[in-house]
Amino acid sequence: MAGTSVVTAVSRRVKVDIWSDIACPWCFVGKRRFEKAVAAFAEDGGEVEVEYHSFELAPDTPVDFAGSEVDFLVQHKRMPAEQVTGMLGQMTEMAATEGLSYDFSALQHTNTVLAHQLLHLAKAQGRQLDMKERLLAAYFEEGRHVGRIEDLADLAAKIGLDRDAVVQALTAGTYAADVEADRDQAVDYGIGGVPFYVFDSRFAVSGAQEPGVFEQALRRAVTEAPA
Amino acid sequence: MSPESGPFELIGTQGPTCEDGVCEVPATDAGGLASDV
Numbered sequence: 026m027a028g029t030s031v032v033t034a035v036s037r038r039v040k041v042d043i044w045s046d047i048a049c050p051w052c053f054v055g056k057r058r059f060e061k062a063v064a065a066f067a068e069d070g071g072e073v074e075v076e077y078h079s080f081e082l083a084p085d086t087p088v089d090f091a092g093s094e095v096d097f098l099v100q101h102k103r104m105p106a107e108q109v110t111g112m113l114g115q116m117t118e119m120a121a122t123e124g125l126s127y128d129f130s131a132l133q134h135t136n137t138v139l140a141h142q143l144l145h146l147a148k149a150q151g152r153q154l155d156m157k158e159r160l161l162a163a164y165f166e167e168g169r170h171v172g173r174i175e176d177l178a179d180l181a182a183k184i185g186l187d188r189d190a191v192v193q194a195l196t197a198g199t200y201a202a203d204v205e206a207d208r209d210q211a212v213d214y215g216i217g218g219v220p221f222y223v224f225d226s227r228f229a230v231s232g233a234q235e236p237g238v239f240e241q242a243l244r245r246a247v248t249e250a251p252a
Numbered sequence: 634m635s636p637e638s639g640p641f642e643l644i645g646t647q648g649p650t651c652e653d654g655v656c657e658v659p660a661t662d663a664g665g666l667a668s669d670v
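So the protein lines, in turn, are chains A and B. Counting with the working numbering, you get residues 26 to 252 for the letters of the first sequence. Counting with the working numbering, you get residues 634 to 670 for the letters of the second sequence.
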């Protein structure tokens with residue numbers, strides 16, 4: 026047909042894979058900074074798909090650690106209590122600049138492997154981002170336990186997931202292999218610390234960078250997409 | 634394998650992270666990170 030033109034749509038959708046833990050104060054701060062970049066990117070018509078991946082910072086942590094966060098770092102990392110207290114105070118101040126209310130005095134240190142399994146369950150139901158936010162807030166701001174099945178099921182129910190189904194899946198270890206697969210991929214990628222962000226499998230940002238760095242990565246993923 | 638030598642092009646410098654259960658901390662005075670602790 027004469028006059029037919031071919032319009033090539035330029036994709037402005039970027040997939041971002043994020044390796045992160047729950048017990049990771051920089052991961053929550055990084056989440057807020059990343060969200061600011063996503064908002065700016067969206068104002069220009071960009072779309073972002075986010076997928077969280079499991080990364081256990083301290084897989085040897087007991088589910089029920091009897092003591093405070095200060096006690097944990099003193100005992101397990103052999104750090105002086107005064108240094109730990111100062112460090113947590115600084116981290117709390119930093120988080121506050123991002124609108125987060127960290128409460129290390131109430132925090133219940135625990136193993137996060139089941140929380141990661143829950144995130145995979147939530148992903149299967151299209152609710153991973155809500156679950157991630159709920160878990161981070163529960164851990165850092167609300168002093169809630171995020172290592173036991175019943176507590177995790179309560180948190181899952183808060184975002185509308187089926188509580189009984191969560192208990193069943195976590196008891197059976199339905200998503201344990203997914204956590205291990207994420208861990209193996211992190212090793213393959215050479216990821217030693219989190220948060221770690223991968224944009225369209227081509228660009229990466231390591232750490233809780235300022236929003237401008239994330240925005241730069243999002244824009245480069247679009248403008249430098251392979252032909 | 635470091636991220637720099639991995640399959641991705643790293644954007645920006647290394648930001649603050651947690652590693653092996655320990656996190657970098659911000660300096661009390663403005664600017665930079667104090668150290669790994």
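Any given hint might turn out to be false.
Stated by the list, open to error - A partial selection of chain A residues facing chain B, derived with a Cβ cut-off under 10 Å:
no., residue
1, Pro50
2, Pro87
3, Ala91
4, Gly111
5, Met112
6, Tyr222
7, Ser226
8, Glu235
What the hints assert, rightly or not - Beta-carbon label-pair distances, calculated as ranges:
no., chain 1, residue 1, chain 2, residue 2, range
9, B, Glu642, A, Ser126, 33 to 41 Å
10, A, Glu235, B, Glu642, 13 to 21 Å
11, B, Pro640, A, Thr248, 34 to 42 Å
12, A, Ala197, B, Pro640, 17 to 25 Å
13, B, Leu643, A, Asp89, 35 to 43 Å
14, B, Leu643, A, Ala131, 22 to 30 Å
15, B, Leu643, A, Val192, 26 to 34 Å
These are calculated hints, taken from the structure and not from any lab test. Bear in mind that the values here come from a model prediction, so they are computed numbers and not experimental data. Glycine is no exception: its CB is placed at the ideal position from the N, C-alpha and C atoms.
The hints, checked one at a time:
no.	hint	result
1	Pro50	holds, 6 Å
2	Pro87	violated, 13 Å
3	Ala91	violated, 17 Å
4	Gly111	holds, 8 Å
5	Met112	holds, 4 Å
6	Tyr222	holds, 9 Å
7	Ser226	holds, 8 Å
8	Glu235	holds, 8 Å
9	B/Glu642 / A/Ser126: 33 to 41 Å	holds, 36 Å
10	A/Glu235 / B/Glu642: 13 to 21 Å	holds, 19 Å
11	B/Pro640 / A/Thr248: 34 to 42 Å	violated, 20 Å
12	A/Ala197 / B/Pro640: 17 to 25 Å	violated, 34 Å
13	B/Leu643 / A/Asp89: 35 to 43 Å	holds, 38 Å
14	B/Leu643 / A/Ala131: 22 to 30 Å	violated, 36 Å
15	B/Leu643 / A/Val192: 26 to 34 Å	violated, 41 Å
Checked against the numbered hints listed earlier, the structure breaks hints 2, 3, 11, 12, 14 and 15; every other hint is satisfied.
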